[in-house]
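Chemist: The lines below spell out each chain.
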Amino acid sequence: MVLVMLIGSPITHAVDVITNITADTASITTAQLRRIYSMRQVKWANGVPITIFVLSSTNLTHQKFCKETLRLFPYQLDRIWNKLTFSGMGIAPTIVSSMDELIKAVKSTTGAIGYIENINEVSDVNVLNIDE
Amino acid sequence: MSMYLILMNKYRYAFIGVSALFTFNVIAADDKAADPLNIHGFIAQGIIDVDDSNFVNNDGEISTELTEIGINTAYQLSDDFRFAAQAVYLNGGNRYSDGFRVDYFLMDWSAYSSEQWQANVYLGRFKNPHWLHSSTRDIPFARPSIILPQGVYFDGLRDIAVGGDGGGIKLTYNNDEYGEFDFNFSRGKSPISSDAGEVITGDLAQGDIEHELDTQASIYWRPVFSQWQFGFSLLDSVFNYESESLDLFADGRFDFQFYTVNAIYEGEKWEFTTEVFQSRFVTDGFYVSQFHQDNLGQGGYFQTRFKVNQKLTLIGRYEKYYSDKDDKKGYQLEDRTFGKVPHYFGFQNDAMLGLSYDIHDNFRVNAEYHWIQGAARLNPIVLPNPEVNKEHWEVWAIQLMYWF
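Sequences listed follow chains A and B, in order. Residue 1 is where the first sequence starts when you use the numbering used here, and the numbers rise one by one after that. Residue 1 is where the second sequence starts when you use the numbering used here, and the numbers rise one by one after that.
One thing to keep in mind: the hints can contain errors.
Below, in silico cross-link-like pairs of lysine-lysine (DSSO-like), each with a Cα-Cα straight-line distance of 27 Å or less [to be verified]:
(1) A:K64 - B:K311
(2) A:K107 - B:K32
(3) B:K320 - B:K340
(4) B:K32 - A:K43
(5) B:K269 - B:K320
(6) B:K311 - A:K104
(7) B:K307 - B:K269
(8) B:K307 - B:K325
(9) A:K67 - B:K320
(10) A:K64 - B:K269
(11) B:K307 - B:K328
(12) A:K67 - B:K269
Since the hints were made in silico from the structure, they are not lab data.
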């Protein structure tokens, strides 16, 4: 069991990006995150398929992640995902109902990516450093 | 102490990442793959009222012929192969033939994938990915309005334009300096049912319309971190009409070419969309065996959406269309037909206002009102009906929709 501590956390966090440890990466750029969430990059550099877990588009953490981290509006992602799902051209992220469920899904799914907010301690996942 | 915290903050992610890398083998044993099966669907029912045209029905009464139901499944067979299919039931009155359809049924091969490039090959029945709303024209919550701009998304040609049986390629390229590029190419053939043929030709034509292989391509570009997206598309298609022995019409051939240019701005509150096109429609035969006509039609729309809050979005759109750019008012058409086809069958302009309200997650109501002048996009397209179709007509519609 590995326990990773987020050290020196301020009272409020920005949204952090987490991945399943099979993603094999410690940092990511904003441009790459946009590519992943808009389904334009579907595999990690090591060839592992990316599985995305998100909260509902009305969830405040999701909205904050879209606007501040991805610099996209939630409706833009909804539009891309609906188009892929209902035209058969691709698949959309899996929507989960709570942050706990999201963390659990990222921990247990190969190649998974998700986000957390205001959580000081999380184990068994990569917390990515986001480069501009 | 504060310097210590700053340093720890700075390097915490690297520490986390390195820790995680060292533990890869331990944790991987507990991991599972993503669920390979996905099932989604939608159901929408509305009411629609049209005065002074047969757009939906012939009697002008309020109609419930505004039903769209669909269910789809996708199954990930391996990292690179995926199966996807969708069945829909549609009822739009006179707009298109009602009934069940296999909307798409395809194999998706992820032929190449990297951080910059993705190449997918689709085989089977696929949706048309080339125009802004072509792949989601029947998906009520994934299109901007209940009725799409009829210049580009003419309902009478829905079954032909919505997709085809054949193959397609999608190539995406991401460049940190120049932005995101999409290239789509498809070759396919649309099966046209006798009902769908009748929507286009009316019940006087006894023969069958057949669609030969068409070729379509499109390119989209979004500059780096931009709210704008630009695209254009090309289509080249041929239809043949085979007459019956007691047919009022002769054998015919229709060549159809269609070029669109589009742009979208997606802001936090405001959104702007425009899609303009030119179409070339060459008719040989059909009306009489020696008939020949070569028309260049043009059109386009400008649409704006304003998000009042998270639930309510307002929409406004103005569209212009004329079937012959050298006869924008249709008077030559009227002269040519000795007055039997009034001039207003040569164009169609539509001013629309509407709203969209999210009642709950995945549960929405759309409402809209159209003021329309002209009748160039009313079925049956090859046999204009001036008895029921006036120059000025109006439509209002309300539709409730749920999706999962």
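Chemist: Would you mind marking each hint as holding or not holding in the structure?
Modeler: Do the hints match the structure? See the list:
Simply put, K64 of chain A and K311 of chain B have alpha-carbon atoms about 17 Å apart, close enough for the 27 Å limit, and the pair holds. Between the alpha carbons of K107 of chain A and K32 of chain B the distance comes to roughly 10 Å, so the proposed pair stays at or under 27 Å and holds. Distance hint between K320 of chain B and K340 of chain B is fulfilled; the C-alpha atoms sit about 24 Å from each other, no more than 27 Å. This hinted pair checks out: K32 of chain B and K43 of chain A have alpha carbons roughly 16 Å apart, not beyond 27 Å.
For the proposed pair K269 of chain B and K320 of chain B, the alpha carbon gap of about 26 Å is at most 27 Å, so the pair holds. At roughly 30 Å between alpha-carbon atoms, K311 of chain B and K104 of chain A are farther apart than 27 Å, so this suggested pair is violated. Restraint check for K307 of chain B and K269 of chain B: satisfied, since their Cα atoms lie roughly 5 Å apart, inside the 27 Å limit. Straight-line distance between C-alpha atoms of K307 of chain B and K325 of chain B comes to about 36 Å, which puts the hinted pair past the 27 Å bound.
Restraint check for K67 of chain A and K320 of chain B: the C-alpha separation of about 35 Å exceeds 27 Å, so the hint is violated. With a C-alpha separation of about 16 Å, the suggested pair K64 of chain A and K269 of chain B falls inside the 27 Å cut-off, and the hint holds. In summary, the hint linking K307 of chain B to K328 of chain B is not supported, as the alpha carbons are separated by about 35 Å, beyond the 27 Å threshold. Taking the CA atoms of K67 of chain A and K269 of chain B, the gap is about 13 Å. The hint holds against a cut of 27 Å.
The structure fails hints 6, 8, 9, 11 (numbered hints given earlier, in ascending order).
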